[in-house]
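**Q** Below are the chains, spelled out letter by letter.
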Amino acid sequence: MNKLTQNIRELSSNLLKNNKVDMVIGFKKGTIPMAVSPMAAHNIEQTKEFIWDSNCGINLANFISDKKEKIGIIAKGCDSRNIVTHITENKISRDKLHIIGVPCTGMIDKIKLQSNFNDDITDYSENGEDIIVKSGLIEKNLKKSDYLKSNCKTCMHRNPVIYDELAAELVQEQKIEDQFADVKKIESLSIEDKWNYFDNLLKDCIRCYACKNACPLCYCPSCFVNESNPQWVGKGQDKTDIKTFHFLRAYHCAGRCTDCGACVQACPMNINVRDFTRKLIKDSYEIYGWEAGLDITKRPLLDTFSLKDDDSFIK
Amino acid sequence: MGNLLEHMGIEKQRLHFSWISSAEATKFVNVAKEVTNAVRALEPNNKFVKTLD
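In order, the protein sequence lines correspond to chains A and B.
Per the working numbering, residue 26 is the first one in the first sequence, and the count goes up by one each step.
Per the working numbering, residue 497 is the first one in the second sequence, and the count goes up by one each step.
Honestly, the hints are just simulated from the structure, not real lab data.
C-beta atoms are modelled at their ideal positions from N, C-alpha and C, and glycine is treated no differently.
Among the hints, a few may not be true.
[As the list claims (entries may be wrong)] Restricting the straight-line Cα-Cα distance to at most 27 Å, the calculated cross-link-like pairs of lysine-lysine (DSS-like) are:
| hint | chain 1 | residue 1 | chain 2 | residue 2 |
| --- | --- | --- | --- | --- |
| 1 | A | Lys73 | A | Lys135 |
| 2 | A | Lys219 | B | Lys523 |
| 3 | B | Lys529 | A | Lys264 |
| 4 | A | Lys178 | A | Lys307 |
| 5 | A | Lys219 | B | Lys508 |
| 6 | B | Lys529 | A | Lys260 |
| 7 | B | Lys508 | A | Lys210 |
| 8 | B | Lys546 | A | Lys340 |
| 9 | A | Lys137 | B | Lys508 |
| 10 | A | Lys228 | B | Lys529 |
| 11 | A | Lys219 | B | Lys543 |
| 12 | A | Lys264 | B | Lys508 |
| 13 | B | Lys508 | A | Lys340 |
| 14 | B | Lys543 | A | Lys210 |
| 15 | A | Lys333 | B | Lys508 |
| 16 | A | Lys307 | B | Lys546 |
| 17 | B | Lys546 | A | Lys228 |
| 18 | B | Lys529 | A | Lys237 |
[What the hints assert, rightly or not] Chain B stretches covered by chain A per the calculated footprint, using a threshold of three residues with CB under 8 Å from any CB of chain A:
| hint | region |
| --- | --- |
| 19 | 514-527 |
| 20 | 534-541 |
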């Protein structure tokens with residue numbers, strides 16, 4: 026068991042023992058290697074199931090919307106930014122939360138890792154920044170930094186931005202030369218090529234909505250895609266409807282997306298849906314100097330107005 | 497929104513934003529002309545068109 030897991034179990038059992046919270050939300054081991062599933066521990070016994078490794082990529086802030094109980098939550102950098110977003114959007118109040126911060130050194134891209142093996146991965150373990158992966162045929166020692174999820178590679182907030190206590194020492198933030206290189210690549214295409222790029226990106230989409238279900242920002246009780254009166258978007262596999270869904274889903278995340286990558290990780294068809302949200306992150310940053318979820322005293326980007334705002338687009 | 501539409505391949509000249517008061521009839525006419533001219537200058541749109549069969 027790694028040190029982090031040990032600390033998380035200890036901190037969460039203390040919280041429950043002292044009745045500071047009603048439950049702690051964290052991760053437990055999944056049913057297959059490299060899988061983890063979110064869980065809520067209601068008693069000290071259950072905290073023994075908590076684990077932490079580089080597979081805990083999905084965003085736990087997804088599970089705190091409108092909760093009435095007092096909650097302990099394990100939060101890495103991006104989770105903490107989404108918790109801030111939840112607080113500023115009144116989805117939970119700060120005093121209902123006890124945040125156990127986990128400084129993060131990035132999460133693993135399982136698909137990239139699996140592509141190294143001809144058969145299924147049967148065992149996975151970590152030793153610091155090295156990962157040891159076994160399949161039926163072969164065992165490999167690999168560097169974790171070579172297999173990071175694409176959003177972790179450009180992450181500028183590995184340390185939690187808000188926390189009550191920490192489960193480990195803070196880590197050094199990354200220095201990234203050009204954090205929007207991927208967006209600029211698409212921007213440089215011609216208008217036809219852009220259209221074809223996204224056509225090609227979405228060709229495998231099966232409209233399962235895993236991206237929106239994994240996203241902590243998508244908390245509306247009734248989503249526009251499910252409504253039938255009026256029906257905003259067709260529900261079938263029509264190409265236009267698929268693109269409309271992805272376009273609108275992304276736009277609902279404008280100025281709120283923290284680039285946690287939960288949508289990409291949840292996608293069963295391995296579609297990089299971040300190509301939509303990344304553009305919004307770049308624009309928010311470049312036009313308004315805004316990064317989502319850094320400060321609980323600031324109103325969300327699309328909720329504020331300043332005379333200095335760019336208005337060149339309006340006639 | 498205009499930026500994201502352009503990012504995914506819809507020409508920016510197809511989407512216009514304006515603030516017009518109900519008393520500004522002349523401005524409305526001018527903007528409507530500008531919009532139609534800008535859109536006419538482009539090729540006919542064949543994107544985001546759903547064909548029903």
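**Q** Could you tell me which of the numbered hints above are not met by this structure, giving the numbers in increasing order?
**A** 2, 3, 6, 8, 9, 10, 16, 18 and 20
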